[in-house]
Structure formats: C-alpha cells, structure tokens
Amino acid sequence: MKTGKQLVNWLDTVLREFEGVQLRHSGRTRLRVDVGADALPALLELLQGLGSYVHLSAISCVDWIDDDEFELVYHVWSYELLSLVSAHIRIAREPGTYLSIYDLYKPAAFFERDIHEMFGVFFEGSPDMEKFILTEWDGPPPMRKEFDTRKFVHDTFGWQDYNPQWLQALKDRGGGIVK
Amino acid sequence: MRPENYQAVSQPPSHEFELNIGPNHPGIEGNYALKIKVEGDMVVAAKADAGYLHRGFEKLMEGRLWMQNIALVPRICVPDPAPMEICYALGVEALGGLQLPERAQWLRVMQLELSRLAAHLFYFGGVAATMGMYSNMFWGVADRDLILDLFEAFTGGRVYSMYNVPGGVRRELPDDFLGRLGALLDYLESRLPDYDRLFFSNYVMLQRTRGTGSMTQQQALEWGVTGPNLRACGLAFDVRRDDPYLVYDQLEFDVPTETAGDALSRILVRRNELLQSIRILRQVAAQLPHVAGPVRCPIPNPLAWNIPPGESYTRVESSKGELAYYCVSSGGDMPWRVHVRGPSQMHAVQVLENLAVGARLEDVAQIIFSLDACPPEVDR
Chain A
1 MKTGKQLVNW LDTVLREFEG VQLRHSGRTR LRVDVGADAL PALLELLQGL
51 GSYVHLSAIS CVDWIDDDEF ELVYHVWSYE LLSLVSAHIR IAREPGTYLS
101 IYDLYKPAAF FERDIHEMFG VFFEGSPDME KFILTEWDGP PPMRKEFDTR
151 KFVHDTFGWQ DYNPQWLQAL KDRGGGIVK
Chain B
1 MRPENYQAVS QPPSHEFELN IGPNHPGIEG NYALKIKVEG DMVVAAKADA
51 GYLHRGFEKL MEGRLWMQNI ALVPRICVPD PAPMEICYAL GVEALGGLQL
101 PERAQWLRVM QLELSRLAAH LFYFGGVAAT MGMYSNMFWG VADRDLILDL
151 FEAFTGGRVY SMYNVPGGVR RELPDDFLGR LGALLDYLES RLPDYDRLFF
201 SNYVMLQRTR GTGSMTQQQA LEWGVTGPNL RACGLAFDVR RDDPYLVYDQ
251 LEFDVPTETA GDALSRILVR RNELLQSIRI LRQVAAQLPH VAGPVRCPIP
301 NPLAWNIPPG ESYTRVESSK GELAYYCVSS GGDMPWRVHV RGPSQMHAVQ
351 VLENLAVGAR LEDVAQIIFS LDACPPEVDR
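If you read the sequences in order, they're chains A and B.
This note's numbering applies: residue 1 is where the first sequence begins, and numbers increase by one.
This note's numbering applies: residue 1 is where the second sequence begins, and numbers increase by one.
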C-alpha cells in the first residue's frame, strides 16, 4: 500500500512518460503540468483513473493575444491524495477549436460552454455549445482581448449631461464631482 | 428579453406543459430561471437559464488595478461576499509573494465564519419560505441582521465589507468588539433550540424534504458537487480542513455530514455547520488578544503596483462550497486574467437540471433552495 507521498512520487514518474511534459511543484498540494494539446485527454484519463483525480475544479481560459494562442488550464483535484493538478495546454487562437473532456468529467459541460461563449473556443464533443449567459448578445466573444469594453460603450451608448440643481449649487461654491 | 424571441409558438397537442420558474420567482434566489416541462405535476425535463445578473466582472477586473478589484469581487455573491474578497486577496498575495501577518489571518477567519453564519441564516429563511413557513424566514433575516451590525462595526460595510486588501486587512478591531462578538455568539447559540422547534424538527418540513432532490455520493462526485451539498451525501470533505488556508489548521472543528443526499440532509448539514462556525469564532475570539502585530504587510504604492508575471489558483470553502480564483499576471498593474470558479456554477446548472427531473412541481423550489445556489456566481 503506497502512502500519499509515495503516490505523488509515483505519479510524477508516470507523468514524465508523456513527451515534452514539464512538471512544477509549488507547495505540498499543487502541481503544474505543461503538456502538448494532443496529450491532454490521455493525461487527464490517467490522472482520473490511476491518480484518483476525480474532481474537475475548473477549466480556465487565458487569451495570449500577442502569441496568437489561447491557454487552457484544467484544474483537477484528488480527494484521496489531497492534491491539485493544473494541466496547461496552448491552442491556436484561429480556428480556436479543441476536444471536449465531457466524457471524462461531466462538469466540463459548464466550463466549456462558458469558454465558448466568452472566448469563442469551440469544444468538439461537448454536449451544449449554445449561448447561456449572453443569450441576446450578437457581438464578438467579449472576453477576447481585442474586444474593448470602453470603446463599445462609447460607440453604442450616447452620453447625457448630468447637471442637476444641487450639483450646480456645489459648483458655484467651488466644488463638484471628482473626475 | 427582446419580444421577438418570446413569441407564442403553436405546438402539437400534448399532455406536457412548459413552465418558467423565474427569473422573478419567490422560489428562486436572485434573478435566475429554470425552464421546466411538466406532465401533470411531474417534471420531465429541466433547463437552466442564466444571464440575468451578468455584469462582466471578469472583464471589468482586467481594466482595473489589482487593489481596485477588491471593490468589485464581493458583489459576485451577495449572500456570502467575504469569501470572494478573501479568495481574490489570497490569489494576489500568492502572485506578489506577500507574507500575510498572523493577526490578519485570524481576522480573516473571523470575517469568513461570520459571513458563513449570516449566509446559513439567510438560507434557512429562504428554504423555509419555499414551504410556506415565513416565521423562520423573518427570524433568519432578523438574526442575520445582528451579524451585519458586527460587520458594520469592524469593516464599515454591512454587506460588502471590502475589508481586505492584498497583504492584510484595512483596520484594527474597534474597542470592545470581542465583547460584542461573544455576546452575539451566546445569543445565536441560545436561539438554536428555538430554530429546532420551529423548523428543523417541524413535521411539515421533514415530510416535504425527506427524499426530495436526492443524489448519491457517486452522482455528486460526477456532477462536481462541493461543500455542504457534497457533505450531505456522506463525503466529509472541507477545504478548510483538507486543503487548509489562513489559520484553519490551528483550529478545532468537526465536518458535519449526512448520508441521504436529499434536501433534508442538505438543510441539516448546514444547521450543524452553524454550531461549528460558532465554535471556530469562540476560538478566534480567545486567540485574538494574544496575537499582536500589524494587520497588513507593507505593499508598494497600490496605484503603481506591478505584480510579477505568474499565476495562482486559490481556493476557499464558502458557505456554498468550493470557491476558487485563478489569477494571471503578465507583469502589469492590472490582472491579465481573473477566472472565478463558484460552487453554484455546478449546483445551479447541471445538478439542478438533473435533480429537477422526476420531481413534483411543488418540490422544485425546495430543490433549488436546498442546493443554496447563488445565481450571480453563475453569471459573474
């Protein structure tokens, strides 16, 4: 019977079998794994099946617009080893498609749908890629870095002068709203 | 809500009806909708409908200084805002390599547990109201208000405290605060027998919630259930104990569990957590006079504070389950990316859609409330 520490060491050894994998421990309970996009499903299957990482805590997406890439981070937790693995992959911003991991982790449905809606990444095999939060938004995916919120507001909405009587009285006394 | 998207559509004759529970409905917490299909009073399909509270927090945070975002994050979950600001602050501290003073850690635990108490009292009121028991709702809200008085005393804000800054908390406790805290804990503990008689041993409540919205531990794990909802399925996991942060590893508390995985179990787990939070707060009140030192560490000028490039994934146990922040810095004075992982993103969508199917129409509101889902956490 392996102890928790032995299991983690064993897992390190197994993970190093993946081509090009990079491991970085931080603290007792955190492990960052950088791996090629092709190898991620196999890595997660191994983590879940052999390492008991059964809880998908989150999938995070980061837009690295200067590199023309999206970074997808899969955070999985093991209730037995009490450790969190964050598996990082990079995919091209265009066409921005990747494989769903719904078959392995059911909670992926929410995170993949959210990333599709906010960043425009399409996950093949995900059960529902329909809009969820921005049902009536027909602009570009708003979390992409090129979407400028302030510009959108300036272009879309008109400005109204706000100068009620009480504010005018304040201005007359040398006060006003701090800009 | 554009009218052209909601025109009546002619359907073939059927025994099924489509009903919208929400977005404004007494049986749902916040603006959120569950579109259900019923045959008779039996639910045969359910689809969550979110977006009514979307304010674009994650995008807004990318355009504000690290420090400014403290004012934004508590608004992501109205009933339990403290874990939001503390989880975010922990993320920034991890990125910036800040050492949190010990006294600030104890003060944060106090804020977190007071917030948990307030959220659970709010929850008891809400879940009781779905069964027509309004006395419990008024009691819960009134007792929660006493906790908000304490928040006002030591943070300045009743709901959105904004008490934390990366590196610590804003100010020291006012004079005689610990005396007020002790008196409130005594009062809340004395109220529990009243709550037990009124609600937790109420025959109507027991009959309505036993077996309602049940899930097995296996299903809970598959659907990503966390927090009290997972503990109601028999798994004694709590981030505070099993992946500790702040000074939780120095505190003694139990992790209450139930085994049935139904609405009743979810309610009872929270009822027992109330006692554990009181127990933790008593330890904090006893310890604080012996922990000297500053309440925050020195930080650079917050208006020109470039955080080194890197990433952090911090987790805390909120009153609803596992709350996590993924913060990424590209070396600038604003976050490059902040991803908020709220427990309700599972509980209010996938879990609710699954549990509603097969339930009776009159039980749907109880299932929603018993999961303690927080819609703004889904929308962000």
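I should point out that these hints are in silico values taken from the structure, not numbers from a laboratory.
Possibly wrong hints are sitting among the right ones.
[Claimed, not checked] Each computed BS3-like pair below joins lysine-lysine, with the alpha-carbon atoms no more than 27 Å apart: (1) A:K131 x A:K106; (2) A:K145 x B:K35; (3) A:K131 x B:K47; (4) A:K131 x B:K35; (5) B:K47 x A:K106; (6) A:K131 x A:K145; (7) A:K151 x B:K47; (8) A:K106 x B:K35.
Going through the hints against the structure:
1. Straight-line distance between C-alpha atoms of K131 of chain A and K106 of chain A comes to about 18 Å, which keeps the hinted pair within the 27 Å bound.
2. For the hint pairing K145 of chain A with K35 of chain B, the CA-to-CA distance comes to about 33 Å; that exceeds 27 Å, so the pair is violated.
3. Between the alpha carbons of K131 of chain A and K47 of chain B the distance comes to roughly 13 Å, so the proposed pair stays at or under 27 Å and holds.
4. For the hint pairing K131 of chain A with K35 of chain B, the CA-to-CA distance comes to about 15 Å; that is within 27 Å, so the pair holds.
5. The straight-line distance between the Cα atoms of K47 of chain B and K106 of chain A is roughly 16 Å, inside the 27 Å bound, and the hint therefore holds.
6. With a C-alpha separation of about 20 Å, the suggested pairing of K131 of chain A with K145 of chain A holds against the 27 Å cut-off.
7. About 35 Å separates the Cα atoms of K151 of chain A and K47 of chain B, which puts this hinted pair outside 27 Å; it is violated.
8. At roughly 21 Å between alpha-carbon atoms, K106 of chain A and K35 of chain B fall within 27 Å of each other, so this suggested pair holds.
The structure fails hints 2, 7 (numbered hints given earlier, in ascending order).
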